[in-house]
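Taken in order, these protein sequences are the chains called A and B. Heads up: the first sequence is residues 22 to 399, going by our numbering. Heads up: the second sequence is residues 8 to 124, going by our numbering.
Because the hints were derived from the structure by calculation, they are not lab data. Please note that the accuracy of each hint is not assured.
[Stated by the list, open to error] Think about it this way: if two alpha-carbon atoms lie no more than 25 Å apart in a straight line, the pair counts; the simulated SDA-like pairs of lysine to any residue are:
no., chain 1, residue 1, chain 2, residue 2
1, A, LYS178, B, TYR48
2, A, LYS91, B, ALA39
3, B, LYS119, A, VAL63
4, B, LYS91, A, ALA368
What follows is the residue order along each chain.
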Amino acid sequence: MTIPNISFGPFDLVAVAPYVALGLMLATVLLAVPVLTWFERVTLGLIHDRLGPNRVGPRGLLQPIADGIKLFFKEDILPSNVDRRIFYLAPAISMMPPLVAAALIPLGDFRVDMGGGQTRPLTLVAADINVGILWVLGLASLQVYGLILGGWSSNNKYSLLGALRSSAQAISYELALSLGVLMAVLMSHSMSLVQIVQSQTGGIMHWNILGLFPFGLVAAGVYAIAAVAETNRAPFDLPEAESELVAGYQTEYSSMKFAIFFMSEYAAVVIGSCVAVVLWLGGWDPIHPVLGFIPGPLWFAGKVLLLIFAFVWVRSTLPRFRYDQLMRFGWMRLLPVALVALMLAAAMSAYRTDPSAGSRIPPKPEKPKPLMGGTQSL
Amino acid sequence: MHAYLTAAMFTLMGFAFVASTLLLSRLLRPSAPNPDKLETYECGPLPVGDAWQQFNMHYYLFALLFVVFDVEAAFLYPWAVAYKQVGLYAVVEMILFVGLLGFGWAYAWRRKALEWD
Numbered sequence: 022m023t024i025p026n027i028s029f030g031p032f033d034l035v036a037v038a039p040y041v042a043l044g045l046m047l048a049t050v051l052l053a054v055p056v057l058t059w060f061e062r063v064t065l066g067l068i069h070d071r072l073g074p075n076r077v078g079p080r081g082l083l084q085p086i087a088d089g090i091k092l093f094f095k096e097d098i099l100p101s102n103v104d105r106r107i108f109y110l111a112p113a114i115s116m117m118p119p120l121v122a123a124a125l126i127p128l129g130d131f132r133v134d135m136g137g138g139q140t141r142p143l144t145l146v147a148a149d150i151n152v153g154i155l156w157v158l159g160l161a162s163l164q165v166y167g168l169i170l171g172g173w174s175s176n177n178k179y180s181l182l183g184a185l186r187s188s189a190q191a192i193s194y195e196l197a198l199s200l201g202v203l204m205a206v207l208m209s210h211s212m213s214l215v216q217i218v219q220s221q222t223g224g225i226m227h228w229n230i231l232g233l234f235p236f237g238l239v240a241a242g243v244y245a246i247a248a249v250a251e252t253n254r255a256p257f258d259l260p261e262a263e264s265e266l267v268a269g270y271q272t273e274y275s276s277m278k279f280a281i282f283f284m285s286e287y288a289a290v291v292i293g294s295c296v297a298v299v300l301w302l303g304g305w306d307p308i309h310p311v312l313g314f315i316p317g318p319l320w321f322a323g324k325v326l327l328l329i330f331a332f333v334w335v336r337s338t339l340p341r342f343r344y345d346q347l348m349r350f351g352w353m354r355l356l357p358v359a360l361v362a363l364m365l366a367a368a369m370s371a372y373r374t375d376p377s378a379g380s381r382i383p384p385k386p387e388k389p390k391p392l393m394g395g396t397q398s399l
Numbered sequence: 008m009h010a011y012l013t014a015a016m017f018t019l020m021g022f023a024f025v026a027s028t029l030l031l032s033r034l035l036r037p038s039a040p041n042p043d044k045l046e047t048y049e050c051g052p053l054p055v056g057d058a059w060q061q062f063n064m065h066y067y068l069f070a071l072l073f074v075v076f077d078v079e080a081a082f083l084y085p086w087a088v089a090y091k092q093v094g095l096y097a098v099v100e101m102i103l104f105v106g107l108l109g110f111g112w113a114y115a116w117r118r119k120a121l122e123w124d
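Extracted from the complex, chain A is given alone in its bound form:
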C-alpha cells in the first residue's frame, strides 16, 4: 500500500515511523489489559449463557475502570515475614517482558511516496532486531522469574508450591514453545520478525501455518498449546489453582502489586497472540491479495483479536490439568511431536528444493544410450 509522505517539521514519515510504532504498541499493551478483562468477562458470559458485566456504563464497558480505581484505593498488606526487596521486585519483573517484547512486534508495511515517482519501503515497527525471535523467547523465559521470586519471597507454603509448579511448568513448555517457533524460522530462513512476515506475503496459502503441509500446522498447534501454558492460563493455570493452592504465588499480594501481576498475565496474552500472528498467520498480510486495500495494521489487529478470543474460548471450555498429566503431556507428547515434525519438515524442504544438493555422493552419470536400438536386435 502506497501512502503519501507527510513531514513533521524537519522529520519525514520514515523517520517518525519507529516512534509511532513504539507509541502504538505501548498503548496497545497497557490499554489492552482493561479492555481485555472486559472482553474476557463478556465472552465468558456469552459462552456460559449468562449476562456478564452490565452495571457500570453501557454494556459494562466501564467495569474495568471501576475495578482499577478500586485496586488503587485498596489497602496494601505487606506481611511481616516476607523478603521485602524481592517481594516488591517480583511484580516489576513479571510486568517487564511483555512490554519489552512489544517493541519488536511489526505492525504493518507501507511504501512511502517520496515524490517524483520514487517510493521507499517503510515498516511500522519500533525495533527491528535481526535475532528478534530469540529476543522474544528470552523475554518469555524471564517472566517466570517474576512468579518464582514472588512465590518464594512471600514466605508462604502455598505461594512456594505455586511458584515451584509454575517454574517447572514454564520450563517444560518453553522447550515445546521454542521448537514450535523453530519451525517458523525454518520456513522463513530468518530470525527477524519483520523478515518472517515478509516471507509470508501473498495470501493465506503462503502463510507459515500452511507451509510444508502438514508440519506447519503441527508446529502452530504445538506453539498454541505451549503459549497457553507459558501465560499460565486455563487449562494450564496450575500455579494459581485456587481450589488447591489458595491463589498460588499471588496469595500474599494485595492492592496494586496484585494488579501488576494480573496485568502482566493479560499483557503476555496480547504479546503471545501478536507473536503467533507474526509467525504463523502472515502478520499484516491480507487473507487474499484482492483484499489488499484494507491497511495492514487492521489485518494484524483483526488476527490478534481472533487469537485472543481463542484464548478465552479455551479457558471457558477445558477443565484444568492435573499436575502429573501436565508434565507427562509436556515431556512425553508435545516435545517428541515437535522434534519429529521439525526433522521431517527439514528433510521434506531440503528434498523439495534440490534432492542432491550438498550430498557428498556425486550424482550417477547417465548410462550411455545404446546406439542401434539396444542389444536384442542382434
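Following the hints, complete the assembly by docking chain B onto the known chain A.
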C-alpha cells in the same frame, strides 16, 4: 544498535510504569496494619515454621533435563536459518544430533524421570 536502544528504552518504561503505579496507589490507599493482619495467610490456622525449607527433589530433575534440551534448541536456531545453503547434509547431521539427544530423553523416560508421582 538503534533497535537495541529502543528495546532498552522499553525496559526503562516498564520499570517506570510499575514504580509510578505503586507510588500513586501509596498516595491514595489507607494504611492500617496490625499484627494479625500481617500474619502469613494460610487459610486461618497459624503458620507452622518457615516456607523457606526443602522441597521435592523431582523439580531439580526437570531443571536438569531442561538445560540439556534448551541447549539443543539453541543449537537448532542457527541451523534452521542456514540449512538451506548447506542442503541435505545439514539435515542428516541434525537428525543424528537430535537422535543422540533422543537416547538421553528415552533413558529419562525409562527411569521414570518424566513421570510425576
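Going through the hints against the structure:
1. The suggested pairing of A:LYS178 with B:TYR48 holds, with an alpha-carbon distance near 9 Å, which does not exceed 25 Å.
2. About 17 Å separates the Cα atoms of A:LYS91 and B:ALA39, which keeps this hinted pair within 25 Å; it holds.
3. Restraint check: the Cα-Cα separation between B:LYS119 and A:VAL63 comes to about 44 Å, which exceeds 25 Å; the hinted pair is violated.
4. Proximity of B:LYS91 to A:ALA368 is assessed by CA-CA distance (about 11 Å); at most 25 Å being required, the pair is judged to hold.
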